[in-house]
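Colleague: Protein sequences, first through last, are from chains A and B. Just so you know, the working numbering puts the end of the first sequence at 1519, numbered straight through with nothing missing. Just so you know, the working numbering puts the end of the second sequence at 819, numbered straight through with nothing missing.
Simulated from the structure, these hints should not be mistaken for lab results. Take these hints with a grain of salt, some might be off.
Here are a few chain B residues that sit away from chain A, every Cβ distance over 12 Å (derived from the structure) [claimed, not checked]:
no., residue
1, A203
2, Q550
3, V787
Derived lysine-lysine pairs resembling DSS-like cross-links, with alpha carbons at most 27 Å apart [what the hints assert, rightly or not]:
no., chain 1, residue 1, chain 2, residue 2
4, A, K1517, B, K711
5, B, K232, B, K352
6, A, K1139, B, K711
Covered stretches of chain A, going by a simulated chain B footprint (3 or more residues, C-beta under 8 Å) [as the list claims (entries may be wrong)]:
no., segment
7, 1258-1266
8, 1481-1492
Even for Gly, the Cβ is constructed at its ideal location relative to N, Cα and C.
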Amino acid sequence: MRQDLYANLTGIAVDILSNKRFRAIAFQLIVLLGFLGLLAYITRNAIHNMRELNILPKGNFLTEPGSVDNLGWVALDLMSVGARDPIWMFFVGSAINTIYIAILGIFFATVLGFIIGVMRLSPNWLVSRVAAVYVEIFRNVPLLLWILLINAIVFLPWPSPKEAIPVFDAFVASNRGLYAPRGIPLDGASTVGFVFLAGIIAAIVWSVYTRRVQAKTGKQLPVFWVNAAMIIAVPLAVFFVMGQPLSWETPQLKGFNYSGGVKLLPQFLALLTALSLYTAAFIAEIVRAGILSVNKGQREAASSLGLRPNLVMNLVIIPQALRVIIPPLTSQYLNLTKNSSLAIVVGYQEIVAVFMGTILNQSGRAVEIIGMTMAFYLSVSLLISFIMNIYNRAVALKER
Amino acid sequence: MANQDLNTENTGANFKPTPARDAPLNEIGWVATIKRNLFAGPISWVATPVLAFIIVSVLTHVLSWGFLKATNHGASNRTCHLAERTSLLAKGDIANLVAGKLLLSKSYQSQDERLFWVDRQTHWSRFAASTLGFGASYDELMTADILADRDVSRALSQRADILSTIQKDIDFIERNADPEAVVHPGLAKAVEGLDLLAGAAALKAAVAAMDPAAFEAARSKFDAMIHWGEAHNGACWTVVKRRWQQFLYGFYPADQVWRVAVTGLLLLMGGLSLLWPGRSQTSRSVTAGAVALGMGFAIQSGAALSGFGLVLAYIIPLILALLYENLSTGRRGLIFFLGFPFAATWLLIRFSLPQAITLVSSPAEWILGLLVLAIWGLVFWQSLKTQSASKTFKPLTNAIYLILGALTFYIFLTVRVEPSGDELSALQNLLGSLRLSDVEVDNIWGGLLATAVTGLTGIAVSLPLGVVLALGRRSDLPIVSTFSTGFIEFVRGVPLITILFMASVLLPLFLPEGVTINKLLRALVGVSLFASAYMAEVIRGGLQGLSKGQTEGADSLGLSFWQTQRFIILPQALKISIPGIVNTFIGLYKDTTLLSIIGIFDLLGVGSRSVLPSLEWARLEAEVYAFIALFFFLSCFFMSRYSQHLERRLATGHDH
């Protein structure tokens, strides 16, 4: 009797233990409990340690005055952050700088990457070799070293503003920055701007219209020249008719530095150059792989239809290659954005250098600041993924 | 029928094929090759010469800077600075300058016109020199600069000042006792019998007198010196040569550096022969190369080791290498992956033991000793088995095994007592001198050592963790897959530097009170977690590349989940994700440079935070960074080539 009971109990236990559903739930419960336990343990330790160090979060530190030094430079002069401004302004200013360099870097890296990637496939031996060597050299050396090397070779030797020599009295390359003239709109400049905007809208409308006409009747209307005229020629004509309502503000040496004009910091230029050149190498490989992924027959068929080589590329190869290119390209864009955090070694005022560097050192609010910085990067990553996914849907294979 | 035959016969008899003409000359041979590959169309006609010109000019600059004009002489950047400053004296036509000054002073041109031309010249030469790096020499630069200041005599007296500075430099170096700091032989020859100070005075006098002829005469005496300066005005590799040890080992105690070398030797020996398994010839030559390389390092760095210790340190690896090479690949892998981490930790840090040499074995040493002994026993047993199988008895091999076993036993496992007095036996003294002292990690480890440790640990941790995360992300269990996905996406969404900051700032906060971990370990945690998220995505890609039939087939065979993964899924998934895995490794390896930002002296950290800030290596950024970049290029290039080789080797031929 007793033995039977034992046997039954064991049997039930074995049944339960070998039940797939039970095992799944039990395993997940263990994982969850383990995770929560770890979290609780870490939190307990953190609170204890923070209390010891007297850095427990209290009050809103974001409205406290920030650094002893001002932010110096915010992209496009969108805002100016002074030494005694609250911390949140430093956060916003440096975040703007990060986004600014990411956008410019993505632009230049894409252009250069497509050029190198196409060069890599050139039938010309020298051209394809040069592209291959470029890719190998840039991919196999850490970005941090590229930033430092480019800074050391190109930008560090620039002279001080006093010794720098203006070119055409308009451009100055000094160790305080690269200066260029800035256009100051006068009366009537807004008209030119409106004409320009209208030109762009008209060009878009015209493109859509011509595409419809072609789809309906097969007739090709001129697109490029009409659009060029609407975007460039008409506003230019209006510009001259209005009597050139633009004056140039050139940089002038005042004391130890230049003032006026557009100023590009050397550290910004070093970072932008390094980021663009480095990411371009990766993009080039992606572009190459994308173009190679298009079946050879596509090119041959297009050629046999009588399309010219550039039309073969534009109408047949590239649209199909883009399907392969876009997903890895997106992750390169994300990488570039995240890599802009390496600016800390040259001192470009982006979010890691300013917020996670200076401000963290000053306020000591490590948990909040690192959390905010990570949240910022996560949102930017999500944003880029979102935009690229929309684009990807546009170019993806439409299965009907 | 007959007619046809006849016809055929006739044609056969009369038909004489026209001999084929040779292909046109420009369609065959090297002319055609060049035409086809370099000048195929109008764009090529432009692109090829332009690119060729760019390549040639870049190569010329790099070669002349990095090799032809480079110097590695001396103990600091002094020689290089001497060369740079001497070359400043070079090209500028000082006589013309003086003549020009005379002309100008006679109001040959109107004041405005004169200033205009001076300014233009200055602008252009300055711009060309500072931005493009060619066109104007430094000298022209300075000339132009000073012309702009309208003070020629200042320019000339500055030249004289340069000379007297150089004289002072040379005097200083000659007085200096450091044998490495001797005057460069070329410079010594150039200034032999030349009184620099008197020469400088003559120059100054000529300038003051505005006498071009006298100036030229005074200057011509320095021609040899100027020539020397121009010939050595390239890269200053002195910094790499003199700080070589620091680049390799950081601040590891100089008398203990051999331990790093031995660890590196073990790594090369074990690792390289695993990279090329199955080919005894290759792997043996690789091992021989590794041993030779390691010995080179050891001899270079192991000055502190002497006598018996030296012999042991060189002979034991050699013998181990030979024994190791005779094992099968699987066994080698097992020994390497189990043994190397322990051996490396013991060699590099040594488990925390009293500083002074004590002869009492610690528990850690016991564990290590047992492990070594177990490996020894395994290898020995295998050797005996092969011997009995082939019915050959190798007395020498067996003797070596026995001696090794006894040594291991004595070094690690014998329970020894604290010596009562100063009387230690000779053997005890010897063994005492063999025992290792503790080495701190923080601020001591550095250079290639720190880079390699980070890279290898990252690789060793991220691969298994990545597999687990990838399986977790694809799991049917919602909680597991949510956690894995959340972790992967979070890590991939933020830059490594923020994770490193978190590891170095927040990790200590998360630990219980009293527990501290060193900076390098914190960074290791950050780097490993970071790399494993990327690794997980790569492996997930590989997993998705397999058809569902594989899992279903395994299920129908009755394999358990882990058996399915271990024997069916992972071998295939890992194989197809090799390119991605190696790319992640390369990325991780390159990312180790970020350690320099959070205060660790890795290879880049040694360069940027220890070498460059010191006065004796000031202004050598280009050299230091170029050296580190070259190192990374070579190692990453090797890794990517190896992955291509691996893909080819593992290709089974029925994938496509």
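Colleague: Determine for every hint whether it applies to the structure shown.
Modeller: Status of each hint after checking the structure:
1. A203: violated (6 Å)
2. Q550: Holds, since 47 Å exceeds 12 Å.
3. V787: With a cut-off of 12 Å, V787 of chain B comes too close to chain A, as the shortest Cβ separation is near 9 Å.
4. A:K1517 to B:K711: holds (25 Å)
5. B:K232 to B:K352: holds (18 Å)
6. A:K1139 to B:K711: Since the Cα atoms of K1139 of chain A and K711 of chain B sit roughly 20 Å apart, the hinted pair holds (cutoff 27 Å).
7. 1258-1266: Contact hint for the segment 1258-1266 of chain A vs chain B: holds, 8 residues under 8 Å.
8. 1481-1492: holds (count 4)
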